[in-house]
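Colleague: Here is how the chains run, residue by residue.
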Amino acid sequence: MSPRPQIDHIRRPQILDAASQVIAERGIAATRIADIAERAGTSGPALLYWFESKDELLGEALGFAEQGFYDALTDRLLLLERPAERLRLLIEASVYDYDWTLWMELWTRALRDERTAETRHRLDERWRNEIEREIAAGQAAGEFAEHDPPGRVAAILASLLDGLAVQATLGDPGFPPDRIRELTVEIAERLLGAELPELDEEVLEGLSGPQLLAGGERG
Amino acid sequence: MPETREEHPTRERILDAACEQIAAEGIDEVRIARVAMRAGASTALVHHYFSTRDELLAEALMHSFELAGDDRFGPEGDQAEPGSATERLARVIDESMPRPGHQEREWILWVELWLRAVRDPALRPIAAQLYGRYREWIAEAIAAGVESGEFEPCDPGEVADHAMALFDGLGLRALLEDPAMPLQLAPVRIAELLGPRLGVEPGLLVLERD
Numbered sequence: 001m002s003p004r005p006q007i008d009h010i011r012r013p014q015i016l017d018a019a020s021q022v023i024a025e026r027g028i029a030a031t032r033i034a035d036i037a038e039r040a041g042t043s044g045p046a047l048l049y050w051f052e053s054k055d056e057l058l059g060e061a062l063g064f065a066e067q068g069f070y071d072a073l074t075d076r077l078l079l080l081e082r083p084a085e086r087l088r089l090l091i092e093a094s095v096y097d098y099d100w101t102l103w104m105e106l107w108t109r110a111l112r113d114e115r116t117a118e119t120r121h122r123l124d125e126r127w128r129n130e131i132e133r134e135i136a137a138g139q140a141a142g143e144f145a146e147h148d149p150p151g152r153v154a155a156i157l158a159s160l161l162d163g164l165a166v167q168a169t170l171g172d173p174g175f176p177p178d179r180i181r182e183l184t185v186e187i188a189e190r191l192l193g194a195e196l197p198e199l200d201e202e203v204l205e206g207l208s209g210p211q212l213l214a215g216g217e218r219g
Numbered sequence: 220m221p222e223t224r225e226e227h228p229t230r231e232r233i234l235d236a237a238c239e240q241i242a243a244e245g246i247d248e249v250r251i252a253r254v255a256m257r258a259g260a261s262t263a264l265v266h267h268y269f270s271t272r273d274e275l276l277a278e279a280l281m282h283s284f285e286l287a288g289d290d291r292f293g294p295e296g297d298q299a300e301p302g303s304a305t306e307r308l309a310r311v312i313d314e315s316m317p318r319p320g321h322q323e324r325e326w327i328l329w330v331e332l333w334l335r336a337v338r339d340p341a342l343r344p345i346a347a348q349l350y351g352r353y354r355e356w357i358a359e360a361i362a363a364g365v366e367s368g369e370f371e372p373c374d375p376g377e378v379a380d381h382a383m384a385l386f387d388g389l390g391l392r393a394l395l396e397d398p399a400m401p402l403q404l405a406p407v408r409i410a411e412l413l414g415p416r417l418g419v420e421p422g423l424l425v426l427e428r429d
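Here the protein sequences line up with chains A and S, keeping their order.
So for the first sequence, the numbering used here puts the first residue at 1; every next one is plus one.
So for the second sequence, the numbering used here puts the first residue at 220; every next one is plus one.
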């Protein structure tokens, strides 16, 4: 093995971007380090200079994809003032601007790999905190009912979105993504005793559409 | 044991071995040779019953959920058990949680199926079929309560969609030992959401456990 591979021409974000694409397409089991290296325009050894294992790459790639998701979300959130609208946007974004396949990879790996379990927990916590913040703001502003603590409602909504995404992905082909949104909004409204109003086209424009199935077979 | 299961004892043994292997190491790690060894069969015999590895895996998952389903949905299952519709729904919730033992094992296989079906379109009809059966099991328990007047009038299918999503979403977190959703708490949260919807005291939807 050469002492130090040529890595100067390649950056971490490029590798992570390539990794998230390849893993989402094929699944981590069928992904070889060489495939990711090829997509990123580098070599296997160069890639292993940055990452120890495929599991580490999966965790990092998902973190990277999540960061992209949050960056886009933050821009949109700036357009909205009311917590009810902002919470609605979080729900819409997770339904229409999100690739769940990497999460499913993470769940199965997390069952058996402790580090992956920690990564899952960290990423999930961030998402729950995002929801919790809007709920707390809505309660403080008197827009939302206060009988449930924000963290509890956030945990329920995040869980519900996961469960519905699985259903829409695997269950009845007649279960459209719109239905995930409807069912989640309905529960949120019931728990918070407030309406989560529909958002303007302007805010939703460019949400890239349902990404519930891998490999371009989106329903 | 029922006769149907004795017809192909070797086939059953291979399927059980495959399920154990999937639960222990994940579906991607399953090798035919190891399944054969665990089942006390030869690799050739495994190939006699299942022409490909994918076929074995799909059949193994189906087999596991069918056994679980026979316990739950069959004539020996819920319908025959005495008690109110409220108790029946409480049992549905309880049995849908990843409790240690066979429920936890089924849950692991269930999560493996999710991922596998995303990757393999051939498995999707099977997944859809299993989901359909699961949904029906929940919806029937709800419909029974509406009919008996224990639950407020509602669309059982719609409440079942909500219930199933809560079982999967909260159950997954409990399975992964997420501190935000411990196993004891998941059914309580589910009951708190479904109870008011059905006009039932949430506490009645949680089975008492030691």
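Read the hints as simulated data drawn from the structure, not as lab findings.
All values derive from a computational prediction rather than experimental measurement.
Hints may be right or wrong, so weigh each one.
Sample of chain A residues facing chain S (criterion: CB under 8 Å; computed from the structure) [to be verified]:
id, residue
1, GLN14
2, GLY27
3, THR31
4, THR108
5, ALA110
6, ARG120
7, LEU123
8, ARG128
9, GLU130
10, ALA155
11, ILE156
12, VAL166
With beta-carbon atoms standing in for the labels, derived distance ranges [said to hold, decoys possible]:
id, chain 1, residue 1, chain 2, residue 2, range
13, A, ARG190, S, LEU404, 18 to 28 Å
14, S, PRO372, A, GLU38, 42 to 52 Å
15, S, ARG257, A, GLU202, 32 to 42 Å
16, A, ARG82, S, ARG253, 18 to 28 Å
17, S, ARG250, A, ARG26, 41 to 51 Å
18, A, ARG190, S, HIS267, 46 to 56 Å
19, S, PRO228, A, ARG11, 52 to 62 Å
20, S, GLU285, A, LEU199, 50 to 60 Å
Where is the CB? At the ideal position from N, CA and C, for every residue including glycine.
Colleague: Each of the hints needs a verdict: does it hold here or not?
Modeller: Each hint tested on the structure:
| no. | hint | verdict |
| --- | --- | --- |
| 1 | GLN14 | violated, 25 Å |
| 2 | GLY27 | holds, 5 Å |
| 3 | THR31 | violated, 11 Å |
| 4 | THR108 | holds, 5 Å |
| 5 | ALA110 | holds, 6 Å |
| 6 | ARG120 | holds, 7 Å |
| 7 | LEU123 | violated, 12 Å |
| 8 | ARG128 | holds, 7 Å |
| 9 | GLU130 | violated, 14 Å |
| 10 | ALA155 | holds, 5 Å |
| 11 | ILE156 | holds, 6 Å |
| 12 | VAL166 | holds, 5 Å |
| 13 | A:ARG190 / S:LEU404: 18 to 28 Å | holds, 20 Å |
| 14 | S:PRO372 / A:GLU38: 42 to 52 Å | violated, 59 Å |
| 15 | S:ARG257 / A:GLU202: 32 to 42 Å | violated, 59 Å |
| 16 | A:ARG82 / S:ARG253: 18 to 28 Å | violated, 57 Å |
| 17 | S:ARG250 / A:ARG26: 41 to 51 Å | violated, 19 Å |
| 18 | A:ARG190 / S:HIS267: 46 to 56 Å | holds, 55 Å |
| 19 | S:PRO228 / A:ARG11: 52 to 62 Å | holds, 58 Å |
| 20 | S:GLU285 / A:LEU199: 50 to 60 Å | violated, 44 Å |
Hints 1, 3, 7, 9, 14, 15, 16, 17, 20 from the earlier list are contradicted by this structure; the remaining hints agree with it.
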